[in-house]
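Protein chains: 2
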Amino acid sequence: MKVTIIGLGLIGGSIAIKLKEANFATTITGVDKSKANQEKALKLNIVDTIAELEKGIKDANLIVLAIPVDAIKLLLPGVLDLVTDKQVVMEMGSTKQEILASVDQHPKRGRLVACHPMAGTEYSGPEAAIPNLYDGKNMVFCDVTKTDEDAFELAENVCEALEMKPIFMHAKEHDLHAAYVSHISHITSFGLALTVLEKEKSQGRIFELASGGFASTVRLAKSSPEMWVPIFEQNREHVLEVLREQLKQLQHFHDLLEKEDYPAVHKLIKQANKIKRIIK
Amino acid sequence: MKVTIIGLGLIGGSIAIKLKEANFATTITGVDKSKANQEKALKLNIVDTIAELEKGIKDANLIVLAIPVDAIKLLLPGVLDLVTDKQVVMEMGSTKQEILASVDQHPKRGRLVACHPMAGTEYSGPEAAIPNLYDGKNMVFCDVTKTDEDAFELAENVCEALEMKPIFMHAKEHDLHAAYVSHISHITSFGLALTVLEKEKSQGRIFELASGGFASTVRLAKSSPEMWVPIFEQNREHVLEVLREQLKQLQHFHDLLEKEDYPAVHKLIKQANKIKRIIK
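If you read the protein sequences in the order shown, they are chains A and B.
Under the numbering used here, the letters of the first sequence match residues 1 to 280, in that order.
Under the numbering used here, the letters of the second sequence match residues 1001 to 1280, in that order.
A portion of the hints provided could be inaccurate.
Derived CB-CB ranges, DEER-like [unchecked claim]:
hint, chain 1, residue 1, chain 2, residue 2, range
1, A, E260, B, S1102, 14 to 24 Å
2, A, P263, B, K1086, 34 to 44 Å
3, A, K55, B, I1130, 35 to 45 Å
4, B, G1204, A, D104, 23 to 33 Å
5, A, T27, B, K1280, 31 to 41 Å
6, B, K1172, A, E260, 18 to 28 Å
7, B, T1027, A, A22, 49 to 59 Å
8, A, T49, B, D1135, 44 to 54 Å
9, A, K259, B, G1136, 39 to 49 Å
Here are the computed lysine-lysine pairs in the PhoX-like style, where the Cα-Cα straight-line distance is at most 25 Å [to be verified]:
hint, chain 1, residue 1, chain 2, residue 2
10, B, K1201, A, K137
11, A, K274, B, K1201
12, B, K1222, A, K248
13, B, K1033, B, K1055
14, A, K40, B, K1280
15, A, K201, B, K1248
16, B, K1222, A, K280
17, A, K199, B, K1199
18, A, K199, B, K1270
19, B, K1033, A, K280
20, A, K86, A, K55
Just so you know, these hints were derived from the structure itself, not from any lab.
By construction, the Cβ of each residue, glycine as well, lies at the ideal position given by its N, Cα and C atoms.
Throw the hints in and build the complete structure from the sequences for me.
Here it is as structure tokens:
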């Protein structure tokens, strides 16, 4: 199986490493607009060869799109224009509705499998790619009824090679849920980082008190704007909905503390503790 | 050196294990109002013996208070009443101003060392205690000029035995900084957990999309109200200040997204990314 990966960052690079390791891919061709990423990916043995977009597509059985969601929306129609009825395209975007709407009527829509691997770190670039990023994680497949059966079967095999668990959703449901558990976590961390960095300007030494708890909560604030601004743009309505809910919850916490209603604060924390059911 | 630890949870239990391991303590006596904690601490070999509060204080060279901050405030004057000029008391509270104000005029104030070890996890109880919790972390000493020289020297030796780095602050400065890097992280996580748990009621499957990023940001929401409500109560003014700043930052993010000013969102994330300087 010849695989071409478009986008040699954390997501694409980690797919490349694992598909090679699992003997799923015989050859991996890399496509990336950044010369530096091309060189790093070759040097780190993430890909066997580098190609221009058109040639990379032409030579592959499977094409994986692992680039920011604005770039996916831009490139995907052209990629589908180029593929034959034997080739399969998997796009790995963190949003689905806008991307899928943009190719809904495309004659090659059946060759596309819309995926979202629920895995990542706050790092980016080929040097962030790791072999076991996906082990045991969920792979979301969206609107698979619009995908040809053979194309979906191939994608299922990729999922298995990555050691991921397949789950199925409508694009709309996916985007709402992603806003609630993934996108809001990032905004929460960005907000915390901004709050604390602002205070540091007048207070200097505040980071001497930073411990593991702070590090964990603020970790995602290291995530890149190149990836995240397009996600917030494409999923704007859901993100605004959850952000309003988050503001409401924090305002409520603030008001209870302001009026010194400690039994109510206690109850609120007890309620929040129920997250133990989800996060072990 | 005979050490008595009052409060056999994560903090006290981890101190006990390490001081024994480092041959700093010859005997460790445990004091805890919970019968279950007493039994667990004995069974896990965290303490050598269990005693009532008065007896535990009488027999020790060093007394460590590792209980919630409301309990410290309540017990500390009575503990100082009982100690001689040869004994030393270290209190490990996460807040300092109210606790120290409550014993400011106490005739034995010099025997007290006010400490805050900047380490912890979201778990509690003797079973959460681990030997290396403190390795390489900061130990904050507050208002040490009010502590007798020999008492502070002993506390420095404890700090060394725990392999911690000593740093020094005024109580007021400590409480402000703790609000900004520790207390707000917890409120942020509680808020996120409440937001998401609320949505789950109508949407069901949202946690299928939870990945490592969500788990990391929401981790602290597992923290217990018994520990945290008293911290928010004692540090209320600083916590309200930072919570208002956090609300302002999130509202600003919301407004930029609402009016679709993506270049400004990009700039905000770039600014938040500067946290990389602090959190490696």
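A quick look at each hint next to the structure:
Look at A:E260 against B:S1102: about 18 Å separates their beta carbons, and that is inside 14 to 24 Å. Checked against the given bound of 34 to 44 Å, the beta carbons of A:P263 and B:K1086, roughly 42 Å apart, stay inside it. At about 55 Å, the beta-carbon gap between A:K55 and B:I1130 misses the expected band of 35 to 45 Å. Here the CB-CB span from B:G1204 to A:D104 is close to 27 Å, well matched to the stated 23 to 33 Å.
Distance hint check: the CB atoms of A:T27 and B:K1280 are about 37 Å apart, consistent with the given range 31 to 41 Å. A hinted range of 18 to 28 Å for the beta carbons of B:K1172 and A:E260 is consistent with their spacing of about 20 Å. B:T1027 and A:A22 have their C-beta atoms about 56 Å apart, which keeps the hinted 49 to 59 Å range intact. Checked against the hint of 44 to 54 Å, the C-beta distance between A:T49 and B:D1135 comes to roughly 46 Å, which is consistent with it.
A hinted range of 39 to 49 Å for the beta carbons of A:K259 and B:G1136 is consistent with their spacing of about 41 Å. Using a Cα cut-off of 25 Å, the hinted pair B:K1201 and A:K137 holds, with the two alpha carbons roughly 24 Å apart. Between A:K274 and B:K1201 the CA atoms are separated by roughly 13 Å; this keeps the pair inside 25 Å, and the hint holds. With a CA separation close to 20 Å, the supplied pair B:K1222 and A:K248 stays within the 25 Å bound.
Straight-line distance between C-alpha atoms of B:K1033 and B:K1055 comes to about 14 Å, which keeps the hinted pair within the 25 Å bound. Distance check on the hinted pair: A:K40 and B:K1280 sit about 22 Å apart at the alpha-carbon level, within 25 Å; holds. Distance restraint check for A:K201 and B:K1248: the Cα-Cα separation of roughly 17 Å lies within the 25 Å cut-off, and the hinted pair is therefore satisfied. For the given pair, B:K1222 sits about 10 Å from A:K280 by alpha-carbon distance, which is consistent with the 25 Å threshold.
Between A:K199 and B:K1199, the direct Cα distance comes to roughly 32 Å. Violation of the 25 Å bound is thereby established for this hinted pair. About 17 Å separates the Cα atoms of A:K199 and B:K1270, which keeps this hinted pair within 25 Å; it holds. For the suggested pair B:K1033 and A:K280, the alpha carbons sit about 28 Å apart, so the restraint of at most 25 Å is broken. For the proposed pair A:K86 and A:K55, the alpha carbon gap of about 16 Å is at most 25 Å, so the pair holds.
When held up to the earlier numbered hints, the structure conflicts with 3, 17, 19 and fits the remainder.
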